[in-house]
Amino acid sequence: MFATAGNSEPTKTTSYKVVLPFYSYAAFAFLVATILLFLSAGDITKHYFHPHTLAITHIMALGWGTMMILGASHQLVPVLIEGKLYSNILAYVSFTLAAVGIPLLVCGFYAFDMGLHTQCGGILIVLAIITYLINLAVSMVKSRHINVHTFFVLTAALWLLAAATVGLLLLYNFTYLLMPKSSLNYLPLHAHIGIVGWFLLLVMGVGSRLIPMFLISKYNNIRQLWWIYGLINGGLLAFVFIFLYSDSKLLLSIPLLAVATGIAFFVNFCSKAYQLRIRKKVDDQMKVSLLSVLMMLLPVIFLVIIVILMILSPKENIYLIITYGFIVFFGWITAIILSMTFKTLPFIVWNKVYHHLAGKGKTPNPKDLFSNTVFKWMSVVYILGFVLFTAGILLHSTISLQFASALLLLTALLYNWNVIKLLVHKPYL
Amino acid sequence: MINVITNNNIKIRVALAELQNVMDPEIGLNIVELGLIYQMDFDETERRIFCAMTLTTQFCPMGESITDAVKETLKSIFPNWDATIELTFDPPWSHEMISAEGRKFLNKK
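The listed protein sequences derive, respectively, from chains A and B. Using this note's numbering, the first residue of the first sequence is number 29, and each one after it goes up by one. Using this note's numbering, the first residue of the second sequence is number 3, and each one after it goes up by one.
Note that these hints are calculated values from the structure, not bench results. For glycine and all other residues, C-beta sits at the position ideal for the given N, C-alpha and C. Just to be clear, a hint being listed does not mean it is correct.
Stated by the list, open to error - From chain B, some residues computed to sit far from chain A (all C-beta separations above 10 Å):
| # | residue |
| --- | --- |
| 1 | Gln22 |
| 2 | Met25 |
| 3 | Thr47 |
| 4 | Glu48 |
| 5 | Phe61 |
| 6 | Gly65 |
| 7 | Ile68 |
| 8 | Lys73 |
| 9 | Glu74 |
| 10 | Thr75 |
| 11 | Ala102 |
| 12 | Arg105 |
Stated by the list, open to error - In silico DSS-like cross-links for lysine-lysine, where the CA-CA straight-line distance does not exceed 27 Å:
| # | chain 1 | residue 1 | chain 2 | residue 2 |
| --- | --- | --- | --- | --- |
| 13 | B | Lys110 | A | Lys308 |
| 14 | A | Lys45 | B | Lys73 |
| 15 | A | Lys404 | A | Lys388 |
| 16 | A | Lys371 | B | Lys77 |
| 17 | B | Lys13 | A | Lys315 |
| 18 | B | Lys110 | A | Lys112 |
| 19 | A | Lys308 | B | Lys77 |
| 20 | A | Lys300 | B | Lys13 |
| 21 | B | Lys77 | A | Lys404 |
| 22 | B | Lys77 | A | Lys309 |
| 23 | A | Lys300 | B | Lys110 |
| 24 | A | Lys309 | B | Lys73 |
| 25 | B | Lys110 | A | Lys449 |
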């Protein structure tokens, strides 16, 4: 009736020592980004290539988004591939390289100094990604369970390497003129490989596994996930090709349509998973995660408007482009991290603190290790700050931007308060 | 829930009742109602307990804690017995293994 593997020990998951540095770093980076946003709220609407905007964008993309996803993926990839992480040492190396590289790069951007230390930062980040990619690829090769989710994650990591490499080339292009045009011209290429190839693909790959799992949903549609995979990757490849080899703005509608369809399919996948859930009670963290899935549609709407305006007029609308960037990094990427942190970190901390007491006495529930009230307030303040800041950019309202940035800073403070509460948790017993 | 194979109904009933205190912390439901226990045997001559179980997902971050809790629970109610916990993912766990009671709990809004 049952095939037993003759194994009395469950297969070990990734050590908390590997994962916690990534989470801590990301939480701190989010705080730094919101402090800088608060101090530079007026500069944000000047141009998307403004030094302060560049610095904040890269703290959000690398320090916050990427570091958190790298940390979580070291924990979650074993769940996806049903195999062990290949090397903890490679994970430490990856963390160290990125942890040193990111501030070097960001400080360079903030001062608009693209010199040696900024270049070193860029090189360290590329090396960190290569290390992560090796760890991921070997873990997957060693696992016998290759599935659609692993394709999402591995392809996303390859796009991340591509985005970072293009970014490094753009950095060197400031000093050595390696490319036919100025770095500013290639910014959409670098940004979209990162946003669509890395963040979107990875969140979809992991989310399509975790959302039905947390909801205990009866819904699963592997065929739909393969369609999403094809549409996102096909759309991004088409964008890269059109960007490099064509001046036609009209052609950009092809990749836009492909990616938008992929996102619509993913929203539909999550919606069906939600409708067919067995677990009717949905916790606050899942509610914010599901909201972040809906928030994926916002940048698509903005991108459609931007592309239509580009087709109609050669002059780019700076405000719309800045809004688009803001709703990507402070929108769905931030929302999913704010929520998923508290679906993963409490369990990692619980295992660290209470594992040895399992079955020997009463232990608190992982969900009790952080304050859900603080989480709720954080979510409300975040949504208010996000909406107000978006309105502030579109209406060119400095007062609105300043107030919204204060709300986002408060979000980061509340988030860090809960993360620190978890990280310093001591056993009750 | 898959029917637990029995060779000693009273002991198994006691063990399953105690194992209802072992919770899946994410779902908030105990592992018996969740259908994680596949098989339980008591070897009276060797005084050994054999328990085959699964997890909702392989490499579940809480997996080790759950199996340790099962082992400790069995050892606490049968102190002079040796408990062996064997993990299996064949068949893999699915929502169909949740008991009627478990479904009722999860259906609460």
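Here is how each hint holds up against the structure:
no., hint, in the structure
1, Gln22, "13 Å, holds"
2, Met25, "8 Å, violated"
3, Thr47, "21 Å, holds"
4, Glu48, "16 Å, holds"
5, Phe61, "4 Å, violated"
6, Gly65, "4 Å, violated"
7, Ile68, "7 Å, violated"
8, Lys73, "7 Å, violated"
9, Glu74, "3 Å, violated"
10, Thr75, "5 Å, violated"
11, Ala102, "12 Å, holds"
12, Arg105, "7 Å, violated"
13, B/Lys110 to A/Lys308, "6 Å, holds"
14, A/Lys45 to B/Lys73, "26 Å, holds"
15, A/Lys404 to A/Lys388, "33 Å, violated"
16, A/Lys371 to B/Lys77, "31 Å, violated"
17, B/Lys13 to A/Lys315, "42 Å, violated"
18, B/Lys110 to A/Lys112, "36 Å, violated"
19, A/Lys308 to B/Lys77, "35 Å, violated"
20, A/Lys300 to B/Lys13, "43 Å, violated"
21, B/Lys77 to A/Lys404, "41 Å, violated"
22, B/Lys77 to A/Lys309, "34 Å, violated"
23, A/Lys300 to B/Lys110, "19 Å, holds"
24, A/Lys309 to B/Lys73, "30 Å, violated"
25, B/Lys110 to A/Lys449, "30 Å, violated"
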